[in-house]
Amino acid sequence: MIEMALNIKSLPKKKYVMPGHAACPGCPETIGFRHLGMALGDKAVTVIPAGCSAVIQGLWPKQGWGLPALNIVFAAGAATASGLARALERRGVDAHVVVWAGDGGTADIGLQSLSGAAERGENIIYVCVDNEAYMNTGIQRSSLTPHGAWTTTTHRGNPGTKKPIPQIVAAHRVPYVATASIGYPWDFIAKLRKAAKIRGFKYIHLHAPCPVGWRFDAGLTGKIAKLAVETGAWILYEYENGKLKLNPPSNRLLDPSKRKPIEEYIKLQGRFRNISPESLEVLKRDIDRNWEEIRTALRAQGDL
Amino acid sequence: MANSIPKPQWQVTGQLIPMRGNDAVAYAVKLARVEFVAAYPITPQTIIVEKIDEMISHGELEADMMHVESEHSALAATYGAAIGGVRAFTATSSHGLAYMYEVLWWVAGSRIPVVMAIVARAIGPPWNIHVEHSDVMVTRETGWLVSVAENNQEALDLTILMFRVTEDPRVYLPGIIGLDGFILSHTVEPVDVPPQEVIDEFLPPRRQPYVFEPGRLVAMGNLMPDEIFEEHRIDMHYSLASASRVIKEAGREYAKLTGRDYSNLTECYRCSDADYLIAGTGSWMGDAKIAVDLLREKGLKFGALRLRWIRPFPWDEVREVGLNKKLVVILDRSISFGYAGQLFIELSSALEAKPSIVGVPAGIGGLDISYSDIAYIGEEAVRLLEEKGRIYIPVLWYHLGGFKSLPPSRQIETTRRAQFLSIDIESIGEDENR
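Protein chains in written order, with the working numbering: chain A, 1 to 304; chain B, 1001 to 1434.
Among these hints, one or two may not hold up.
Restraint ranges, calculated between C-beta atoms of paired labels, are given here [said to hold, decoys possible]: (1) B:Gly1124 x A:Ala171: 30 to 36 Å; (2) B:Glu1060 x A:Leu59: 47 to 53 Å; (3) A:Lys260 x B:Met1224: 44 to 50 Å; (4) A:Thr153 x B:His1058: 52 to 58 Å; (5) B:Leu1257 x A:Gly242: 52 to 58 Å; (6) B:His1058 x A:Gly92: 20 to 26 Å; (7) A:Gly92 x B:Pro1169: 20 to 26 Å.
Just a sample of chain A residues kept apart from chain B, beta carbon distances all over 12 Å, derived [what the hints assert, rightly or not]: (8) Pro25; (9) Asp108; (10) Ser143; (11) Gln167; (12) Arg193; (13) Arg199; (14) Gly219; (15) Glu230; (16) Pro249; (17) Lys267.
If you are wondering where the hints come from, they were derived from the structure by calculation, not from laboratory data. Keep in mind that this is a model prediction, so the values were computed, not measured. Heads up, the beta-carbon is just placed ideally off N, CA and C, and yes, glycines get one too.
The task is simple: from the sequences and hints, build the whole structure.
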């Protein structure tokens, strides 16, 4: 099991998120970035397309991220990292080039350059910090907003469903794709470390509940992240060379009866306050379909 | 003195090879020992990247070539490599440039040296792959150095020069070499390829203001207070404006090594005793020189002022040669819709509109303009001047052998004519102002 391999004493004590950064209270991106630093240490260089993480760093001359941070235009995260990784390799510099992008920078405006880098097999780690909407510009929907969720551009609830980005990236036949959650730091850190050992394009999709955008109390970020996994709304898994594996605790949740009711997850979030019974059904169907696809894949591999 | 510059000597220091303009750029990339190239194909730029790929495949160039999925990624990846500490190059045209436009700003604002070739081509619609300067001209505001070649030799020389100038600590900005689509890019001319030792002597190892790598806590591009942002922009402006000095210095040294003189930002042909000037940039200025000879045979003392550099703008040289002329005819292969050609706007302000000035957009969409067209334009401009005493015409559009006079003051007529043109294509050639 992944969790057994790590011990808190083995993690670096160095701070990779500085006090005084500009994030909102309860921000999941600072939690995730801290774990990124703990996992990869000083060998990491980050490339950050437009989004919350560009702002969280704070105002010059202060800098909230404790790793080199190359900010870049919205659509160019993966392409910029590709060039940087090639240059560093050429110069014999041992580095982990990491794209730290939001859901917009990954699934929408950045999808083309992400696909290009994945297809070319660039030696980078791409982390999508998914807070399920354009939070930096004020909570507008993205293609990773779940069905029925309120945003400032979906006042009657998001009519779409969440785009299956991890599967889209996995379909590029890259060596490593994983999902993670800021509610499960050990899992995320272990996956980052595993990715760092693999040569080629690695993708980690980090679920990151946002108190401001999802309308919940800033003290509940971790709890809601965990509830997403426990209710099955977010699933932890990894594709290693195309082979799918469920990770704890999601590996115990294939049976729907083991999952907490989805209502426990959504009732804490203002964005679902006015969800209609019909929309709630669609949301549940989406989640069921995700699980069904996983079940089908595991069965095809002979693991079920 | 700008108007006493000798014509660059055609001295052969290396190997004289017949090649297309795009090949010349590729040879320059090789001589500059570029380490990283990312590009996306677009006509007429394609030969550059094909040739570079061929050089890499044959072991003539030790570089990394990244085949990206778009121009946006091409410049972003080139920038990523450059910021990671290697000499990097890309090339594009027209829509490719338009697609990567925001990245141009990012590269320049980062003060990271990168060199890019733009093979000049019209921007659609309708689709048109032929020469025009609209793409080169939209880069003027981005903080890049911008040069435009007259011939294939210059395409090679300017590319090498551009690496040297952009990587100079007094500049630290990216740079563009423009060359005319097809007229240069696909046309074979003999080009002197200098020996590698000569270029190694001319071009020091890469320098850049900072490098992104592990352990160096650098942040690039995060938010800045507005007053610091403005200071940063002021510094960009002065670095670019004063790059003239660095260009001249490098150009003089290049002349010593190769016999080809790049110590000026402009070239002026038969300017010193001229009454009238034809000014412009790009390959057709070669035709303009022939036109000058023809006009002088008719007793009209013309000279040809060619802008080899658009940014930094060659303010001193233009004023020195142009302020006391009777008439300056400015050829533009692009138009800022609703006003005039870009070079008209820039040159007439530098010349304080002291000479009579006529702006002549022509050759748009690749329409062929020969030396006889340019001679005719010059002759007509002088005729207008003599008729009226003084003239200042922003747009005297030369189209299929005649003029379309469309100054901004005639907006209503312009609109009506545009409507008219859209329904009756046959009457485009009619010339009611002649």
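Hint check results:
1. The hinted range of 30 to 36 Å is satisfied by glycine 1124 (chain B) and alanine 171 (chain A), whose Cβ atoms lie roughly 33 Å apart.
2. Look at glutamate 1060 (chain B) against leucine 59 (chain A): about 48 Å separates their beta carbons, and that is inside 47 to 53 Å.
3. Look at lysine 260 (chain A) against methionine 1224 (chain B): about 46 Å separates their beta carbons, and that is inside 44 to 50 Å.
4. At about 53 Å, the CB distance of threonine 153 (chain A) to histidine 1058 (chain B) agrees with the hint of 52 to 58 Å.
5. Hint check: leucine 1257 (chain B) to glycine 242 (chain A), Cβ distance near 56 Å, so the stated range 52 to 58 Å holds.
6. The hinted range of 20 to 26 Å is satisfied by histidine 1058 (chain B) and glycine 92 (chain A), whose Cβ atoms lie roughly 25 Å apart.
7. Look at glycine 92 (chain A) against proline 1169 (chain B): about 25 Å separates their beta carbons, and that is inside 20 to 26 Å.
8. With a minimum CB-CB distance of about 20 Å to chain B, proline 25 (chain A) clears the 12 Å threshold, and the non-interface call stands.
9. For aspartate 108 (chain A), the non-interface assignment is confirmed: its Cβ lies about 14 Å from the closest Cβ of chain B, beyond the 12 Å cut-off.
10. Once the 12 Å rule is applied to beta carbons, serine 143 (chain A) is consistent with being away from chain B; the minimum gap is 19 Å.
11. No Cβ of chain B comes within 12 Å of the Cβ of glutamine 167 (chain A); the nearest lies about 20 Å off, and the non-interface call holds.
12. With a least beta-carbon separation of about 16 Å from chain B, arginine 193 (chain A) lies farther than 12 Å from that chain, consistent with its non-interface assignment.
13. The beta carbon of arginine 199 (chain A) is kept farther than 12 Å from every beta carbon of chain B, the shortest such distance being approximately 16 Å.
14. The beta carbon of glycine 219 (chain A) sits about 27 Å from the closest Cβ of chain B, which is more than 12 Å, so the claim that it is off the interface holds.
15. Against the 12 Å criterion, glutamate 230 (chain A) stays outside the reach of chain B, whose nearest CB is about 36 Å from its own CB.
16. Proline 249 (chain A), annotated as away from the interface, keeps every beta carbon of chain B farther than 12 Å; the closest lies near 34 Å.
17. Consistency note on lysine 267 (chain A): stated as away from chain B, and its beta-carbon is indeed over 12 Å from all of that chain's, at 36 Å minimum.
Every hint from the earlier list agrees with this structure, and none is contradicted.
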